[in-house]
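Asks: Residues per chain are reported as follows:
There are 2 protein chains.
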Amino acid sequence: MLSQRVHVDRVFHALGDPTRRAIVEQLSDGPVSVSKLAEPFAITLAAVVQHLQVLEKSGLVRTQKTGRVRTCHIEAKGFNVAERWIADRRSLWEKRFDRLGKLLAEQD
Amino acid sequence: MLSQRVHVDRVFHALGDPTRRAIVEQLSDGPVSVSKLAEPFAITLAAVVQHLQVLEKSGLVRTQKTGRVRTCHIEAKGFNVAERWIADRRSLWEKRFDRLGKLLAEQD
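Taken in sequence, the protein lines are chains A and B.
Those letters in the first sequence? Residues 1 to 108, by our numbering.
Those letters in the second sequence? Residues 1 to 108, by our numbering.
If you're looking for bench data, these hints aren't it; they were derived computationally from the structure.
One or more of the hints may lead you astray.
Because identical chains cannot be distinguished in the list, a pair is counted as satisfied if it fits within a single copy or across any two copies.
Said to hold, decoys possible - Quick list of in silico lysine-lysine cross-link-like pairs, BS3-like style, CA-CA up to 27 Å:
| no. | residue 1 | residue 2 |
| --- | --- | --- |
| 1 | K102 | K57 |
| 2 | K65 | K95 |
| 3 | K77 | K102 |
| 4 | K65 | K77 |
| 5 | K36 | K77 |
| 6 | K36 | K57 |
| 7 | K57 | K95 |
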């Protein structure tokens, strides 16, 4: 339960940054090398690598080194965590609305 | 399209903070007054109000004042934006995997 919370924290922290979301958006279209990934961003390669580390730790991206090239891939794990957290909240408030609806129907 | 991006930015920025997610978690259980909401948090009422403003601007929470009491409610709009953004990414990479699967099947 605690590790689940840590994971939720990491995923939403990672997605809270617009540059990291832009990286995720690009990788959804297909794997890209780190240097190619860095091209459209007006930041240093070192800054991109740092963002990638945050994304890797949260399970949103994985990187793989073949020879001298490191390639970045999208990873579903982190997205599952974010979706689950949102779905859990939604299920709670929808249940509450259902109960409220029933109560109101009984008053009629 | 630009306003959609602004909204996505706001929602993920809002959800990127653990205190704001804890507020959202509590409000999923039902509406609460601002002062009651602030109780479990080891931060000032002013800080809670600031977090609530960020959550309101991103459509995750709405507040309503009746007399001297301001009550906070969960709001679906912001959640829809976050879910849509994640679903759009997922749909992109799943389509890509499908194409890859077909290509591999053709090679057999």
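Asks: Determine for every hint whether it applies to the structure shown.
Replies: Each hint tested on the structure:
Taking identical chains as interchangeable, the C-alpha atoms of K102 and K57 are never at most 27 Å apart, the minima being 44 Å within one chain and 31 Å between chains. For a Cα distance limit of 27 Å, the shortest separation of K65 from K95 across copies, 25 Å, qualifies, whereas the shortest one inside one copy, 47 Å, does not. Only between protomers do K77 and K102 lie at most 27 Å apart by alpha-carbon distance; the minimum there is 24 Å, versus 37 Å within a single protomer. Only within a single protomer do K65 and K77 lie at most 27 Å apart by alpha-carbon distance; the minimum there is 20 Å, versus 41 Å between protomers.
Within a single copy, K36 and K77 get their C-alpha atoms as close as 24 Å, which meets the 27 Å cut-off; across copies the closest is 35 Å, which misses it. Taking the closest pair of Cα atoms, K36 and K57 come within 27 Å of each other only inside a single copy of the chain (21 Å); across copies the shortest separation is 35 Å, beyond that limit. Proximity of K57 to K95 under the C-alpha cut-off of 27 Å is restricted to the inter-copy arrangement: shortest distance 25 Å between copies versus 33 Å within a copy.
Comparing the model with each earlier hint shows a violation of hint 1 alone; every other hint is respected.
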